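Given the structure of chain L, go ahead and fit chain S onto it with the hints provided.
Number of protein chains: 2
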Amino acid sequence: MPVNLLAPTADELLPVAGVTLGIASAGIKKPGKRDITLIQLAPGSRVAGVFTQNRFCAAPVTVAKRHLQKAAPRALIINTGNANAGTGEPGMQASKAVCEALAGLLGCAEKEVLPFSTGVIMELLPADKVIAALPDAVADCRADNWFAAANAIMTTDIVAKAVSRQASIGGKTITLTGMAKGSGMIHPNMATMLGYLATDAAVSQAVLDTMLKHAADHSFNCITVDGDTSTNDAFMLIATGQAGNAEIVDVASADYTALAAAVTEVSTLLAQAIVRDGEGATKFMSIRVEGGSSRDECRKIGYAIAHSPLVKTAFFASDPNLGRILAAIGYAGVDDLDVNALQLYLDDVLVAEHGGRAASYQEADGQRIMRQAEIGIRVVLNRGSADATLWTCDFSYDYVKINAEYRS
Amino acid sequence: MPVNLLAPTADELLPVAGVTLGIASAGIKKPGKRDITLIQLAPGSRVAGVFTQNRFCAAPVTVAKRHLQKAAPRALIINTGNANAGTGEPGMQASKAVCEALAGLLGCAEKEVLPFSTGVIMELLPADKVIAALPDAVADCRADNWFAAANAIMTTDIVAKAVSRQASIGGKTITLTGMAKGSGMIHPNMATMLGYLATDAAVSQAVLDTMLKHAADHSFNCITVDGDTSTNDAFMLIATGQAGNAEIVDVASADYTALAAAVTEVSTLLAQAIVRDGEGATKFMSIRVEGGSSRDECRKIGYAIAHSPLVKTAFFASDPNLGRILAAIGYAGVDDLDVNALQLYLDDVLVAEHGGRAASYQEADGQRIMRQAEIGIRVVLNRGSADATLWTCDFSYDYVKINAEYRS
Numbered sequence: 001m002p003v004n005l006l007a008p009t010a011d012e013l014l015p016v017a018g019v020t021l022g023i024a025s026a027g028i029k030k031p032g033k034r035d036i037t038l039i040q041l042a043p044g045s046r047v048a049g050v051f052t053q054n055r056f057c058a059a060p061v062t063v064a065k066r067h068l069q070k071a072a073p074r075a076l077i078i079n080t081g082n083a084n085a086g087t088g089e090p091g092m093q094a095s096k097a098v099c100e101a102l103a104g105l106l107g108c109a110e111k112e113v114l115p116f117s118t119g120v121i122m123e124l125l126p127a128d129k130v131i132a133a134l135p136d137a138v139a140d141c142r143a144d145n146w147f148a149a150a151n152a153i154m155t156t157d158i159v160a161k162a163v164s165r166q167a168s169i170g171g172k173t174i175t176l177t178g179m180a181k182g183s184g185m186i187h188p189n190m191a192t193m194l195g196y197l198a199t200d201a202a203v204s205q206a207v208l209d210t211m212l213k214h215a216a217d218h219s220f221n222c223i224t225v226d227g228d229t230s231t232n233d234a235f236m237l238i239a240t241g242q243a244g245n246a247e248i249v250d251v252a253s254a255d256y257t258a259l260a261a262a263v264t265e266v267s268t269l270l271a272q273a274i275v276r277d278g279e280g281a282t283k284f285m286s287i288r289v290e291g292g293s294s295r296d297e298c299r300k301i302g303y304a305i306a307h308s309p310l311v312k313t314a315f316f317a318s319d320p321n322l323g324r325i326l327a328a329i330g331y332a333g334v335d336d337l338d339v340n341a342l343q344l345y346l347d348d349v350l351v352a353e354h355g356g357r358a359a360s361y362q363e364a365d366g367q368r369i370m371r372q373a374e375i376g377i378r379v380v381l382n383r384g385s386a387d388a389t390l391w392t393c394d395f396s397y398d399y400v401k402i403n404a405e406y407r408s
Numbered sequence: 001m002p003v004n005l006l007a008p009t010a011d012e013l014l015p016v017a018g019v020t021l022g023i024a025s026a027g028i029k030k031p032g033k034r035d036i037t038l039i040q041l042a043p044g045s046r047v048a049g050v051f052t053q054n055r056f057c058a059a060p061v062t063v064a065k066r067h068l069q070k071a072a073p074r075a076l077i078i079n080t081g082n083a084n085a086g087t088g089e090p091g092m093q094a095s096k097a098v099c100e101a102l103a104g105l106l107g108c109a110e111k112e113v114l115p116f117s118t119g120v121i122m123e124l125l126p127a128d129k130v131i132a133a134l135p136d137a138v139a140d141c142r143a144d145n146w147f148a149a150a151n152a153i154m155t156t157d158i159v160a161k162a163v164s165r166q167a168s169i170g171g172k173t174i175t176l177t178g179m180a181k182g183s184g185m186i187h188p189n190m191a192t193m194l195g196y197l198a199t200d201a202a203v204s205q206a207v208l209d210t211m212l213k214h215a216a217d218h219s220f221n222c223i224t225v226d227g228d229t230s231t232n233d234a235f236m237l238i239a240t241g242q243a244g245n246a247e248i249v250d251v252a253s254a255d256y257t258a259l260a261a262a263v264t265e266v267s268t269l270l271a272q273a274i275v276r277d278g279e280g281a282t283k284f285m286s287i288r289v290e291g292g293s294s295r296d297e298c299r300k301i302g303y304a305i306a307h308s309p310l311v312k313t314a315f316f317a318s319d320p321n322l323g324r325i326l327a328a329i330g331y332a333g334v335d336d337l338d339v340n341a342l343q344l345y346l347d348d349v350l351v352a353e354h355g356g357r358a359a360s361y362q363e364a365d366g367q368r369i370m371r372q373a374e375i376g377i378r379v380v381l382n383r384g385s386a387d388a389t390l391w392t393c394d395f396s397y398d399y400v401k402i403n404a405e406y407r408s
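From first to last, the protein sequence lines stand for chains L and S. Numbering-wise, the first sequence is residues 1 to 408 according to the numbering used here. Numbering-wise, the second sequence is residues 1 to 408 according to the numbering used here.
Here chain L stands alone, though its shape is the one from the complex (with noise of 0.2 Å):
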């Protein structure tokens, strides 16, 4: 059950100019699943990307990741139901089929499409399934069709991910359209999950690279579901300048600030969604370390927290055994850090200080905080200025069961 997670409503969708998709049905996995979503760019169009750093990264990211260098992209082509990862020189064939198919039906380059798989590891894509349902995706292209496309590319996602914004920059409305998948293995550094969200703003390649490393650092770096990272992530920021304002060229303009607002904002309710959506959630936990000498150790212990079994399984359990954050803090692998430094808190109530439980602390309050559907931990480390917020998920029997039984 997706905690306090709404499938957007079709009409909530934006369309963003210079942008199409097209679903069909390839039947790569089962018949008759909606397993294909093209996403047609307009000329002009500028795409940034970012992918996961698994050294076994599957073959269309590293396809993806070079026809991104050589061309600006026109088209964006993904597949549910199969993750073309690890397999080899014949997944590289595959994946460069597909694209080499379409740019045919596209009348484009090879180079000027990205492949995108996400399913099962570890078994070769079926090209020709795939290629034979192409010429249904293009013949349903429509600037309309992101609701469709958003159910299209789930896997084990309950709801699908989706949202719009609209911002005025230079004076003109820009609108925002993002959508993802993931519910597990999700991880910094590009689980598996899969987002796109284009607007239809004018940026330069240069800005828009720069936007898109800041939004991904805010948004899906800094979820987790169970630690995994998978081999297939990948997270494109599209911008079609069909919006009409003065093209973006400067990260120290207001416009910069403004547009960057808005795609970390989309970026990150994204993000959070996976996580609401997360294999088996009931709770939904934001872990805040502040007070931090850096961020990266602020992020270390966050992620301590957050991977810990555990402490996941306690907040399932709504039971307030908060040593274990404790414990989680202190092999986070910060060497010099003094525990009896720092304040550890749930939502508002101060649990521990001084190396053990505050003396104002009651078990009846964490047991309060604990029932709650979202939970606040906030670390307060006393050693300097830096943060860091991360978003997690608990443990559930239901993350046994979808994962011990997700081939069957």
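These aren't lab readings, by the way, just hints derived from the structure by calculation. Do not take every clue at face value.
In silico DSS-like links for lysine-lysine, alpha-carbon gap of 30 Å or less [claimed, not checked]:
{"no.": "1", "chain 1": "L", "residue 1": "300", "chain 2": "S", "residue 2": "213"}
{"no.": "2", "chain 1": "S", "residue 1": "96", "chain 2": "S", "residue 2": "129"}
{"no.": "3", "chain 1": "S", "residue 1": "300", "chain 2": "L", "residue 2": "213"}
{"no.": "4", "chain 1": "L", "residue 1": "29", "chain 2": "L", "residue 2": "96"}
{"no.": "5", "chain 1": "S", "residue 1": "300", "chain 2": "S", "residue 2": "70"}
{"no.": "6", "chain 1": "L", "residue 1": "65", "chain 2": "L", "residue 2": "129"}
{"no.": "7", "chain 1": "L", "residue 1": "300", "chain 2": "S", "residue 2": "129"}
{"no.": "8", "chain 1": "S", "residue 1": "65", "chain 2": "S", "residue 2": "111"}
{"no.": "9", "chain 1": "S", "residue 1": "129", "chain 2": "S", "residue 2": "70"}
{"no.": "10", "chain 1": "L", "residue 1": "70", "chain 2": "L", "residue 2": "111"}
{"no.": "11", "chain 1": "S", "residue 1": "172", "chain 2": "S", "residue 2": "129"}
{"no.": "12", "chain 1": "L", "residue 1": "111", "chain 2": "L", "residue 2": "33"}
{"no.": "13", "chain 1": "S", "residue 1": "65", "chain 2": "L", "residue 2": "300"}
{"no.": "14", "chain 1": "S", "residue 1": "96", "chain 2": "L", "residue 2": "65"}
{"no.": "15", "chain 1": "L", "residue 1": "111", "chain 2": "L", "residue 2": "129"}
Here the structure is a predicted model, which is why all the values come from computation and not from measurement.
Showing chain S alone in chain L's frame:
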């Protein structure tokens, strides 16, 4: 259900000359539970210890480390039901009060007593209850009490863990008996585990320290259940010097080699017993990474596999979804790893090479091995001569159940 793990019988556990053990009930958590274990050592005994590296180490760990630096111990006092961790200065006072009271009973110095605690964290140890039970523990001390002691130190353990061995060293028969507790929060650098290994051999302090470190690095520091590192762990090696052998003073001697091998064997059996009794475990996995350029990178890759909830749930389900192992290898953090150069085996079956599924691999073979209770995972990196072997268990519904309901 522990995996292929039988409790020892009382007569399998051999007394160690110079060591007596006594059990008592302090009613720390549950009335009547035998929750206090005392180990008394004859004068002239030497003790080496390794302790948790958690920055939030428990009060007894801090006290035991200090005492061990100051004097040769005459007694070790262990309680279950309360870890006395995250308890600040009052926790320190409680641990010291226990040591002081026991020293008074035994006629030794407070610094000659080492305290150990395991159980719930962030609750102050009720020192008065422990102190009240000490006379019973002293009165119960016998050389043939290892079986009762191994049972008394258990917390969530299902099966008691203890083993004896004998070896011939310099013409004398040497006895080794060890016991351990632990079944969750098990991770290198001492997870929630306590281990005590006593021998009657004569060994210099410096050699004993070296022997302990080697044994820990090849046993307790090679296991993981859930990646959590506890606040309380300790592994103590005791040498009473009563066997009559010539004192071992040289790590290059044949006597050292023989004794160290026996110590490491007993330590490894105890460490593996902890994994076999891992919370909710249904499978025992040996993960061997070989052909690495360093032991450190082999351990990194091994632990990435061992900690992955996706891998662990796949083993629970007997599902040969082996791409999850490749993904874990890929995100282990070995930056220059060439994933096309490695081989992955499941027992003797080659699963993957050249970056993907091996041409010879049949899913039926993978399925057959995944159904076994004991499974060997072998990764051959083909880039050097270093190796490492780790042991872990799978991740089941019962792991969540046990840890969600631990305090209930």
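Any of the earlier hints contradicted here, and which numbers? 5, 7, 11, 14
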